[in-house]
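2 protein chains.
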Amino acid sequence: MKKPTLLLCAVTLLCNLSLLKVSATEYTNQEVVSNLQHNALKSDLAYKIAESLTVEVGPRLAGSHENALAVDWAEAKLKSLGFDKVYREPVTVPVWQRGEASAAVIAPYPQKLIITALGGSVATPTQGLQATVIRFNDLQSLIAAEPSLVAGKIVFIDQKTERHKNGSGYGKSVGGRANGAVEAARKGAVAVLIRSIGTDHDRMAHTGLMHYQDGVPKIPAAALTNPDATQLDAMLTRGHEVTLALKMTPKDLGTTTTYNVIGEVTGSSKPKEIVLLGAHLDSWDEGTGAIDDAAGVAIVTAAAKLIGDQPKRPARTVRVVLFAAEEIGLIGGKAYAAQHQAEMNDHYIAAESDFGAGRIYRADVKVNSAALSAVQQQLSVLAAQGVTNGDNQARGGSEVSLLPAYGVPVASLRQDGEDYFDYHHTPNDTLDKIEPAALAQNVAVYASFAYQMAQSILPLRPLTSGSK
Amino acid sequence: MKKPTLLLCAVTLLCNLSLLKVSATEYTNQEVVSNLQHNALKSDLAYKIAESLTVEVGPRLAGSHENALAVDWAEAKLKSLGFDKVYREPVTVPVWQRGEASAAVIAPYPQKLIITALGGSVATPTQGLQATVIRFNDLQSLIAAEPSLVAGKIVFIDQKTERHKNGSGYGKSVGGRANGAVEAARKGAVAVLIRSIGTDHDRMAHTGLMHYQDGVPKIPAAALTNPDATQLDAMLTRGHEVTLALKMTPKDLGTTTTYNVIGEVTGSSKPKEIVLLGAHLDSWDEGTGAIDDAAGVAIVTAAAKLIGDQPKRPARTVRVVLFAAEEIGLIGGKAYAAQHQAEMNDHYIAAESDFGAGRIYRADVKVNSAALSAVQQQLSVLAAQGVTNGDNQARGGSEVSLLPAYGVPVASLRQDGEDYFDYHHTPNDTLDKIEPAALAQNVAVYASFAYQMAQSILPLRPLTSGSK
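Same order as they appear, the protein sequences are chains Y and P.
Residues in the first sequence are numbered from 1 upward in steps of one, following my numbering.
Residues in the second sequence are numbered from 1 upward in steps of one, following my numbering.
Honestly, the hints are just simulated from the structure, not real lab data.
Errors might be hidden in some of the hints.
Pairs involving identical chains hold if they fit within one copy or between any two copies, as the list cannot separate such chains.
[What the hints assert, rightly or not] Straight line, CA to CA, 20 Å or less: simulated SDA-like cross-link-like pairs of lysine to any residue:
hint	residue 1	residue 2
1	K48	H240
2	K251	G99
3	K247	G99
4	K42	V32
5	K112	G99
6	K187	V122
7	K112	K251
8	K112	S102
9	K247	S102
10	K112	E100
11	K112	E51
12	K247	E100
13	K48	Y109
14	K112	D158
15	K112	Q97
16	K112	T249
17	K218	K247
18	K160	D432
19	K251	H211
20	K48	H38
Pulled out of the complex, with its shape left as it was, chain Y reads as follows (with noise of 0.2 Å):
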């Protein structure tokens, strides 16, 4: 961006493609893109980095003390790791506490069900509760419900989750764990059940994230295992009205101070521009946030120091953001944003790793359209590393979602997450998740990737609509 000719460039969208094409190739070091797949094919670091956070700190939910502990982990080990800089940004976080959750039916058939609270839910009385069941095929289902058949009942909204290659069951089937609280409350529910967002079949519940809203009854929220929603579904199959029994102890303890953690690689000519690779360090409480997203950070750490232990440090910087409390609302993400608005115009390009461990498979961009075929030149070189180019439509995913907004082009270097719904906010997410030779090889394709971006004279601004 410091190049007037091609700072005019990108803003008059005149540039010819076929200029770019030879000026994306200037800075291209195959040797060294060559030499960064190979040493990250071979390099355990990434694993080790998923293996010490998984270990030593375990799971991290944002404003817990352990969350703290994670804190000081990722400043020792960027440290440790030689990163030209290393710091921590306050971020002011809720605390929630989980505390126990137990169900069971009363009638007709008694029995436990297994359960876990919904991240944010209130508790139940302290004696528990009891009321007949209800149940919805969805969201949609209960939100066209007559009310006086939901009043006084717990709400089961039975919904399965999708299994794709690119996690798209997810966004299908979340709609009832966010909001079914609040919709179930506005027909007069006293609490509300949902199958797990999860493609598994384990007396694994996932929890995640849900909402209350302001003017509507705050009601407690939890998720059913698969088989044990297949269970009440049976009940209530056979005609009878099932009686539950639930009781759940979470808490709201105020706010605290948790940090984003933040280490560069500072750039050779232009240290001021920034590739950003983000992932989170905070995770549910369950597991040991092994995939989601203990390999994020392993990642992106892995990849930029690789890209530090070249000969010659690239152009620009690349950043290492370890973003916090991203599970209860992409709160690090906000607050970065906040705190580093002003830097905003010299964020080149960001990507965030927050799928877990699978293999990427395909590059998206989100970048001025008439940019994109030179840019997609450039990422040709992951292609030795099973990656196609995809389309211009990245998201960039958990924090880095937030950043187009501000202008910045993102990129989603796209994983396999076959799997991924089936450990995901579960205590079933540890590090035997992790394959260590798909780890290595996420690795190879982010230090590739920053290593181009960080090197590339394209302008890949400003976001258009085309891009969209």
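Once you have looked at the hints, place chain P on chain Y.
Just chain P now, kept in the frame of chain Y:
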């Protein structure tokens, strides 16, 4: 056994094998067997039985209130299916209640670990206990250890269970579960934790029976999930002393009476001679006991029902025995043997289904070795279901394994148990783990096996050393 010539033949072992082969086919009715297999494969009866037991009763630990409901369920189910005789026989069982079990690393990396009490374990002191951990590769290493290294510590037996189609990994590792507490206590340990005897990578601890020994202190015994065992091992591998807190509240509540539930399809010409098909009605308390052993209950019940539905009854009685209290020490099987001792000579052959719902691939028997080839000829009707003949060293499975000591021939219809120990004795043992088509194949095999045996004129006794 009623024909003098055949009895003589059996006793003297002078039978002409070619004569036996001719005799063996006399009663064989290929049309009936084909019909049974065809009906089994198109019927959802077994699946409906398994669904009914797991949904309407659910977990049914021997001696529990739920187990009493299961007995009522079984008697009603057999009656509703039109069995000729349905009755229950009392079995005295100890009553053990699981209570709660929690564990946490106190130092150096504080975090929770997921455990479950082993069946029969005593409780910790009310306030729990804390101690450092000493790890052993297996029970043998513990037995060989210097007592001073073990005294005052929590013993961690970290043996992995191998995955095999025939389930043979279980036997190799289960010793630590059964005898770990005794061996650890002999050396002064305060508790024992084992890596779950299971082939999965889920945060699901596998319970199962453990033993104490007179004269050796009773210490609490629990299983860690596989990922938690790996986590603990990773901490120990760092060379730190690891301190755990452990709290368990199981209770021994004396004894109670439960029941073996029996249903018979009365034989047409030799009604006092019995082909016994067994399964067990009790389950562990954390799953709904679908693969262990609602599947077996469903398979043998449906198989006998299909035989009873044929236009003509086979010669012998097919007796379905739904045993009590298998999980806590084959107690129902021992009671059956004691109560039916006078009738043992009338048990023509026995088999038990207690290894989930995987497809049957092999039929082993334990019969007089002179009869082996003729029996295998009779069982060649199973080939249509993909079942080959195996060896003459069958144990018969679970309770039925007690019967050869009384001279009773047995068969083992071997199921594919590749994934059985992923779910065995965990909360994950639920209906969704049963594949309906595989369950139906089991019914086809059991029905045709039982029919062939109920019609056979082969003398199968005495069991000879060659059949051991």
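Tested hints:
In this assembly of identical chains, the alpha carbons of K48 and H240 lie at most 20 Å apart only when taken from different copies (18 Å versus 53 Å within one copy). For a Cα distance limit of 20 Å, the shortest separation of K251 from G99 inside one copy, 7 Å, qualifies, whereas the shortest one across copies, 25 Å, does not. Within a single copy, K247 and G99 get their C-alpha atoms as close as 10 Å, and across copies as close as 17 Å, so both meet the 20 Å cut-off. Taking the shortest alpha-carbon separations for K42 and V32, only the intra-copy value of 15 Å comes in at or below 20 Å, while the best inter-copy value is 63 Å.
Taking the shortest alpha-carbon separations for K112 and G99, both the intra-copy value of 18 Å and the inter-copy value of 13 Å come in at or below 20 Å. Taking CA atoms no more than 20 Å apart as the test, K187 paired with V122 passes inside one copy only; the shortest distance there is 18 Å, against 48 Å between copies. In the homo-oligomer, the alpha carbons of K112 and K251 lie at most 20 Å apart only across protomers (19 Å), although the nearest pairing inside one protomer, at 23 Å, exceeds that limit. Taking identical chains as interchangeable, the C-alpha atoms of K112 and S102 lie at most 20 Å apart whether they share a chain (8 Å) or sit on different chains (18 Å).
Taking the shortest Cα distances, K247 and S102 sit within 20 Å of each other both inside one copy (5 Å) and across copies (19 Å). Taking CA atoms no more than 20 Å apart as the test, K112 paired with E100 passes in both settings, with 14 Å inside one copy and 14 Å between copies. Taking the shortest Cα distances, K112 and E51 sit within 20 Å of each other only across copies (17 Å), while inside one copy they are farther apart (34 Å). For the homomeric pair K247 and E100, the shortest alpha-carbon distances inside one copy (8 Å) and between copies (16 Å) are both at most 20 Å.
With identical chains, the CA atoms of K48 and Y109 are at most 20 Å apart between copies only, with a shortest distance of 16 Å across copies and 48 Å within one. For a Cα distance limit of 20 Å, the shortest separation of K112 from D158 inside one copy, 18 Å, qualifies, whereas the shortest one across copies, 30 Å, does not. Taking the shortest Cα distances, K112 and Q97 sit within 20 Å of each other only across copies (15 Å), while inside one copy they are farther apart (23 Å). In the homo-oligomer, the alpha carbons of K112 and T249 lie at most 20 Å apart both inside one protomer (17 Å) and across protomers (18 Å), since each shortest distance falls under that limit.
In this assembly of identical chains, the alpha carbons of K218 and K247 lie at most 20 Å apart only when taken from the same copy (15 Å versus 34 Å across copies). When the C-alpha separation of K160 and D432 is checked against a cutoff of 20 Å, the pair qualifies only between copies, where the shortest distance is 14 Å, while the shortest distance within a copy is 25 Å. Proximity of K251 and H211 under a CA criterion of 20 Å is satisfied intra-copy only: 15 Å inside one chain copy versus 41 Å between copies. Proximity of K48 and H38 under a CA criterion of 20 Å is satisfied intra-copy only: 18 Å inside one chain copy versus 56 Å between copies.
In terms of the numbered hints stated before, the structure departs from none.
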